[in-house]
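Engineer: Start from chain H and add chain E according to the hints.
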Amino acid sequence: MLNDFELFMPTDFNEACALKANGAKPVAGGTDVYVNMHGGKKEADQVVDIKNLAELKGTSYTAGQGLVLGALTSHRQIEEWDVIKKNYYAMFQGCSQVGSVQIRYRATLGGNIMNGAPSADSIGPMLVHDAVCVVKGPNGERKIPLDKFYTGFKKFDIQPDELLARIEIPDTPANAGSAYYKYMRRGAMDLALMGVSAYVELDENDVMSHVRIALTTAGPTPMRSYSAEAVLEGQKYSDEIIIAAAEAVASEGKPRSSWRSSAEFRVRLLHDVTIMVLHEAVKRAKAEDKAQPIKQVLYKGQQGLEERPKVQG
Amino acid sequence: MSDYKLTPCEKYQAEGREWDRLVVKRKDTTGEETVIGHTQVRKDGVEKVTGTAVYGADINFPGQLYGVCARSPHAHARILSINTDKAKALPGVVTVITGADYPEPYGQFIADQPIIALDKVRYQGEPVAAIAAETEEIARAAAELVEVEYELLPVVNDLEESMKNETLIHEDWSKYECSSACFPVQGTNIGDHFHLCKGDVEKGFEEADLIVESEFRCGQLQHTLIETHTATAAANPYTKELQVWTPNQSPFSIRALMGKIYGVSNEKVRLTMTHIGGGFGGKYEAKCEPIALALSLKCGGRHVKLTYDRHEEFSATVCRSTVQYYMKTGVKKDGTIVANQIKGYWDAGAYVTTNPRVDYNAGFAANGPYEVPNVKIDTYVYMTNRTLGTAYRGFGVTEASTLHEHQMDIIARKLDMDPLELRLKNCLHDGSIGVTGEIISTCAVDECLRAAAANIGWDKLPKRWVDEEGNLCGKGIACFNKLTGTPSTTSCIVKMNENGSIYILSASREMGQGVTTTMPQFAAESLKIDLDKVSVSPVDTHQTPYDKTTTSSRSTFHSGNAILQACEDIKKQLCHLAAIKWKCADEDVVYTAEGNIQHKTDADKCININNVGKSGIMHEQDPVIAIGRYGTSDIFDAPPVDGRQSKRPTVMWMIGAQAAIVKVNPVTGRVKVTKIGAAHDIGKAINPTGCLQQIEGSVVMGLGHAIMEEMIYEDGNLRNGNMVDYKVPTFMDSDIEIKSTLVENGHPEGPFGVKGIGEPGLVPTAACIANAICHACNTDFKSLPIKPEHILFREEAND
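Chains as they are written, first to last, in the numbering used here: chain H, 1 to 313; chain E, 1001 to 1799.
Okay, chain H solo, but in the shape it has when bound (with noise of 0.2 Å):
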């Protein structure tokens, strides 16, 4: 049951943002807010929808340049846009595996960032993609990358008169290639248990760069693995630099044990699901067709593979 709250649907900007930095809540597809008052959760005694803002509508896409996606940008959109998936795969992986179809419809990919949960799925395809944030308020534009957005449990750079506008990803070379892995429980309508987002561009010697790697549901934030990161940065392709990176994961997220499950269950996915997004990323990145999804297989390294019994038949 809803409680009863103040609801503004301003058309204009400026009173948004008046609005939300007199203590409103800001609202646009209402998939978690709306939900939360449900569950009992009392978030504010006024509401500001800001759907009708013009100011962060808009989806675009310009060759070398990149995206453009207004804050009120459906997870559907993103979904079912040829662009993303031949361009940006990760992204297509992260909003594409969101609740159901009618919560795609609704959720917007700014309501994502903003509700700040570990288990964003669209956040780590979107820090891989080297995503900027723009957020606007009665003083202009500020620019922010995705990964320094993020200043703590559900913290961001912003001011309480800014709202989130639009976000910014720039384009992506031929020889690049993206994954996400979402770990779920059931095939659908599921959290992120954790997930691994990857980015790399592979020049003709097999050599990768701009090697960028995200984790979900590892620490209090969607965050980046540096130090993986580090590992492949301008290092030859192989099996054996794939497992030293996933070694650098599993020891640099965070994961907490708790009634969903243990930190070591965790962080034993964290290790095995980098291996497969990496190489899944480098696939792609070598495909012809980056559109396609790339059948998965067992790789070298993943632990569950050294226990596979030998028997056949």
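For the record, the hints were derived by calculation from the structure and aren't laboratory data.
Watch out, some of these pointers could steer you wrong.
Pairs of lysine to any residue residues, derived as SDA-like cross-links and limited to a Cα-Cα distance of at most 20 Å, are as follows [what the hints assert, rightly or not]: (1) H:Lys41 x E:His1311; (2) H:Lys283 x E:Gly1470; (3) E:Lys1782 x H:Ser262; (4) H:Lys300 x E:Glu1137; (5) H:Lys41 x E:Asn1722; (6) H:Lys42 x E:Asn1722; (7) E:Lys1675 x H:Arg186; (8) E:Lys1672 x H:Lys42; (9) E:Lys1460 x E:Asp1416; (10) H:Lys42 x E:Glu1137; (11) H:Lys295 x E:Arg1670; (12) E:Lys1672 x H:Arg186; (13) H:Lys295 x E:Glu1469; (14) E:Lys1647 x E:Pro1373; (15) H:Lys42 x E:Glu1144; (16) H:Lys42 x E:His1311.
All figures in this text were calculated on a predicted structure; none of them were measured in a lab.
Structural biologist: Okay, now just chain E, sitting in the frame of chain H:
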């Protein structure tokens, strides 16, 4: 096997069905039925898919009040004081009641549960006060204002703590009114004990070549009904006439219970039933009904609507109990089982509720559908500070099946036998001596096992293998036998309307199982009247005749018999009316197999049942109305408590088997169930597609039980009491190739031979999936659900 007549799936394809499913027909039915045995469109389908069906929470009355419960945040605490002054002072609040207002405890087996907590709370979420207010918002705000002073008591989190009997949930069983079907042990947390003894297990173990011991635990589950519990009540405080609108499974047992709680004679209690948005046993107990009535009584009889939200549904309604089983089996080298000893411990939660019946049903099933000369079963219901265990589709037998089928696979491995072969060697046949000493009849375990295995291609598959993608694959099989509650009784009224259509008044509740389609099928088949001329009335205890309950897969069997009896009377009455019109003797008119009211000698004098409304024979004549009755006290041989030996413990055993193929990703630990082969002895498929849907729905439900669902408690706190964290399978998990065989092994006392299929589809599902996972991973997983972390950190079997 030679008397099988296979009806190929082309029959279904001809009806527009593209599934590859198969019905095995047996000789027992004539095959000449025109309605029975043919797939029918569900009678409740249109209103449900168009959203026009009226469910419990759709009931509203002008000027109604809204009820809300104030609940205990503590799992175990003494209530030192309750202050409701602030809550009462809130504008819009009409009444606030506490346990002191209605101190008499209630309970079907033992009256151990207060309507609202009285001296102490025994689970987190137990009501400590209830409020009726003009709006739900006000009622919820008032609930926050109820002040309770608690003295915290040690929390009994689980079975292990309960079994120490150091902290007692109920200090004194003897002060409760206890039925003859409940066996609490004074001074302990034991709320019930079941004991079965056949032969001499010690002697059996001595004769055995091999003794196998194992244990298995099934986790605590929520019914996760789409429709949460709800009731709207109007209780006249002056006349003491009580009425409740509710989606309950057992209108008459709830009526009796409400009458008892409020000291009102049964006929003054009226239960008006709405559609049920999910039952599965979860709406067998009284939950909202007594509280809504209590509030209405204090509000001058105004309607009070009480609807639980999802959080309340999880923490403070009912669940399927955890059970921990231990099994010891003595077996000969050739696989012949000579002795089974089973011990079981149910974590029933804070109040006994239906657990003695769960204990009882599971007790008779714990040995499995196997002929074993020496069996000893002792199972106990233990109380903890958890939410209340109750009936859950299968009534304990699902868990029992998981136990004995896990054990069968371990035995097979130790003897290096094929698991199917071991089962076939030991399974019951007609003439076998069952676990109660009963001579078994109409028992098709063998056929079901073979058919289930064939449906996944068992013979061609190794026990375990690795697929191209590196997944660990395995196959598993499980079977079961489940009784239906006996004795029980049912009645119906079949009345013909003025236009010649038929109305059935029966309290068998439609809760998705299709009984409002199968009941009209019986009438249509018997009378040869068009099916669309037959409908089932809404259920209201003031109008509908008695039926014990809609549980235990009993409705089609019991109500079907009653309807067939009533229809015979309808035929006689119609012949009588025709005789009046034709001015002949009653004996000159017969009711033919084609549904014609026919003069014996004058062929022109003939009225087809479908034209009877226009025929004029009913005009200003005695109305056509008949009653049908069916009870099973006469055939029931009550199993005595000293060992439960009985020549007829149940009117009907339900039999079935399922086999599964799974693949397990060795890196992620995730399990994919790729194929389920099911085979159920349904006696007679009244509505074949309905039977298949019961099985297929069950398989998805059982998938959740096998690998996902569990209620997780930490120190008395339910951690995952919501639909995100309690993992129910979604459609994305449900793409299992299911092939089902309906074995029609007619029951001599079942209408057209029918047996139950409401619960059976679920009973072997988790068991066969668990067995397949165990084979795939070469590991004896000892509990459900088997989660990825169990798989990744497993220890492989090494014998």
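Engineer: State for each hint whether it applies.
Structural biologist: Okay, the hints, checked on the actual structure:
1. Of the supplied pair hints, the one linking lysine 41 of chain H and histidine 1311 of chain E holds, its CA atoms being roughly 13 Å apart against a limit of 20 Å.
2. Distance check on the hinted pair: lysine 283 of chain H and glycine 1470 of chain E sit about 19 Å apart at the alpha-carbon level, within 20 Å; holds.
3. Taken as a hint, the lysine 1782 of chain E and serine 262 of chain H pair is honoured in the structure, with Cα atoms around 19 Å apart against an allowance of 20 Å.
4. A C-alpha spacing of about 58 Å is found between lysine 300 of chain H and glutamate 1137 of chain E, which places the hinted pair above 20 Å, so the restraint is violated.
5. Only pairs whose Cα atoms come within 20 Å are accepted, and lysine 41 of chain H paired with asparagine 1722 of chain E is accepted, the gap being roughly 14 Å.
6. With a C-alpha separation of about 18 Å, the suggested pair lysine 42 of chain H and asparagine 1722 of chain E falls inside the 20 Å cut-off, and the hint holds.
7. The straight-line distance between the Cα atoms of lysine 1675 of chain E and arginine 186 of chain H is roughly 17 Å, inside the 20 Å bound, and the hint therefore holds.
8. Of the pairs offered as hints, the one joining lysine 1672 of chain E and lysine 42 of chain H is violated, with about 39 Å between alpha carbons and a cut-off of 20 Å exceeded.
9. Distance restraint check for lysine 1460 of chain E and aspartate 1416 of chain E: the Cα-Cα separation of roughly 17 Å lies within the 20 Å cut-off, and the hinted pair is therefore satisfied.
10. Taking the CA atoms of lysine 42 of chain H and glutamate 1137 of chain E, the gap is about 14 Å. The hint holds against a cut of 20 Å.
11. A hinted pair counts as satisfied when its Cα atoms are at most 20 Å apart, and lysine 295 of chain H with arginine 1670 of chain E qualifies at roughly 16 Å.
12. Using a Cα cut-off of 20 Å, the hinted pair lysine 1672 of chain E and arginine 186 of chain H holds, with the two alpha carbons roughly 10 Å apart.
13. With a C-alpha separation of about 9 Å, the suggested pairing of lysine 295 of chain H with glutamate 1469 of chain E holds against the 20 Å cut-off.
14. The suggested pairing of lysine 1647 of chain E with proline 1373 of chain E holds, with an alpha-carbon distance near 15 Å, which does not exceed 20 Å.
15. Taking the CA atoms of lysine 42 of chain H and glutamate 1144 of chain E, the gap is near 14 Å; set against the 20 Å cutoff, the hint holds.
16. For the hint linking lysine 42 of chain H to histidine 1311 of chain E, the alpha-carbon distance of about 16 Å falls within 20 Å, and the restraint holds.
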